[in-house]
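**Student:** Using full-length UniProt numbering, you'd call the opening residue of the sequence shown number 1 and step up by one each time.
Bear in mind the hints are in silico, worked out from the structure with no lab data behind them. C-beta: ideal position from N, C-alpha, C; glycine also. Among these hints, one or two may not hold up.
Label pairs and their calculated CB-CB ranges [what the hints assert, rightly or not]: (1) 38 <-> 165: 18 to 26 Å; (2) 176 <-> 222: 46 to 54 Å; (3) 146 <-> 55: 49 to 57 Å; (4) 166 <-> 204: 38 to 46 Å; (5) 165 <-> 204: 21 to 29 Å; (6) 30 <-> 149: 41 to 49 Å; (7) 173 <-> 38: 20 to 28 Å; (8) 15 <-> 185: 36 to 44 Å; (9) 48 <-> 173: 33 to 41 Å; (10) 138 <-> 204: 19 to 27 Å.
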Amino acid sequence: MPSTSERAEDPRPARTRAAIFAAARALTVSDGEVTVNALAKRAGVSRAAFYSHFSGLDDLMGAMLTQMFDHAHERSTACARDGRTVQERVRFGFGMLVAYVERHHTFLRGALDWKFSRRTYLVLVDTMTELHAEATDRLGDAVPEHLRTEDARRAIVGGSLALCEHWLVTTEQAAADGGVPDATGLLDSILAIAPSWYTGLEPGAPTGAAELLEICRQVTADEES
Numbered sequence: 001m002p003s004t005s006e007r008a009e010d011p012r013p014a015r016t017r018a019a020i021f022a023a024a025r026a027l028t029v030s031d032g033e034v035t036v037n038a039l040a041k042r043a044g045v046s047r048a049a050f051y052s053h054f055s056g057l058d059d060l061m062g063a064m065l066t067q068m069f070d071h072a073h074e075r076s077t078a079c080a081r082d083g084r085t086v087q088e089r090v091r092f093g094f095g096m097l098v099a100y101v102e103r104h105h106t107f108l109r110g111a112l113d114w115k116f117s118r119r120t121y122l123v124l125v126d127t128m129t130e131l132h133a134e135a136t137d138r139l140g141d142a143v144p145e146h147l148r149t150e151d152a153r154r155a156i157v158g159g160s161l162a163l164c165e166h167w168l169v170t171t172e173q174a175a176a177d178g179g180v181p182d183a184t185g186l187l188d189s190i191l192a193i194a195p196s197w198y199t200g201l202e203p204g205a206p207t208g209a210a211e212l213l214e215i216c217r218q219v220t221a222d223e224e225s
């Protein structure tokens with residue numbers, strides 16, 4: 001008989017999580033109220049099954065956002081294998097963040113109205129702050145000594161997320177009217193405001209946001225096709 005380690009992993013938990021994720025996206029896009037009961041019904045699972053995976057809406061939203069931005073980080077990390085500099089990878093990472101926000105505009109804008117606590121946002125900030133630590137560690141002496149801190153990284157994360165949230169809100173009506181959200185301006189702002197020692201861009205210089213975002217859009221489309 002095959003050993004425990006040789007047995008195929010049970011696919012049912014992954015299918016259940018995927019169904020719950022899909023239900024959350026569908027309810028959000030359709031402006032339906034997102035509750036545990038509604039999610040379980042839409043996903044075709046019991047409340048007990050939902051709670052076997054998530055402790056509540058906070059936990060679910062945290063998992064969905066973490067998965068989304070983990071994908072962006074994975075693609076950014078893959079740039080290292082292409083011989084890109086750390087600062088090029090930083091710019092690509094920002095580009096992937098914005099590409100995911102743009103692609104999932106409807107879901108993320110609707111998610112702002114979910115009934116979850118501030119804890120979800122703080123978990124996301126913590127996760128992204130850890131990811132930025134990898135970049136600042138690799139930059140070494142290029143980082144000003146007084147900014148080699150978690151607080152500095154947290155400020156970068158908080159600033160970029162605040163701009164993303166503002167963009168989601170200000171483009172809501174245009175999207176509702178059938179327009180296709182264009183986040184080029186969002187990426188341009190993030191790159192222009194981020195420290196030059198971090199992005200490698202000279203203050204006031206063109207950011208190349210349009211070209212970078214087009215590349216990142218294609219990456220996200222390829223991943224989800």
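**Student:** Please go over all the hints and tell whether each is borne out by the structure.
**Tutor:** Hint check results:
no. : hint                    : verdict
1   : 38 <-> 165: 18 to 26 Å  : holds (24 Å)
2   : 176 <-> 222: 46 to 54 Å : violated (28 Å)
3   : 146 <-> 55: 49 to 57 Å  : violated (39 Å)
4   : 166 <-> 204: 38 to 46 Å : violated (22 Å)
5   : 165 <-> 204: 21 to 29 Å : holds (26 Å)
6   : 30 <-> 149: 41 to 49 Å  : holds (43 Å)
7   : 173 <-> 38: 20 to 28 Å  : holds (25 Å)
8   : 15 <-> 185: 36 to 44 Å  : holds (39 Å)
9   : 48 <-> 173: 33 to 41 Å  : holds (40 Å)
10  : 138 <-> 204: 19 to 27 Å : holds (26 Å)
Comparing the model with each numbered hint stated earlier shows that hints 2, 3, 4 do not hold.
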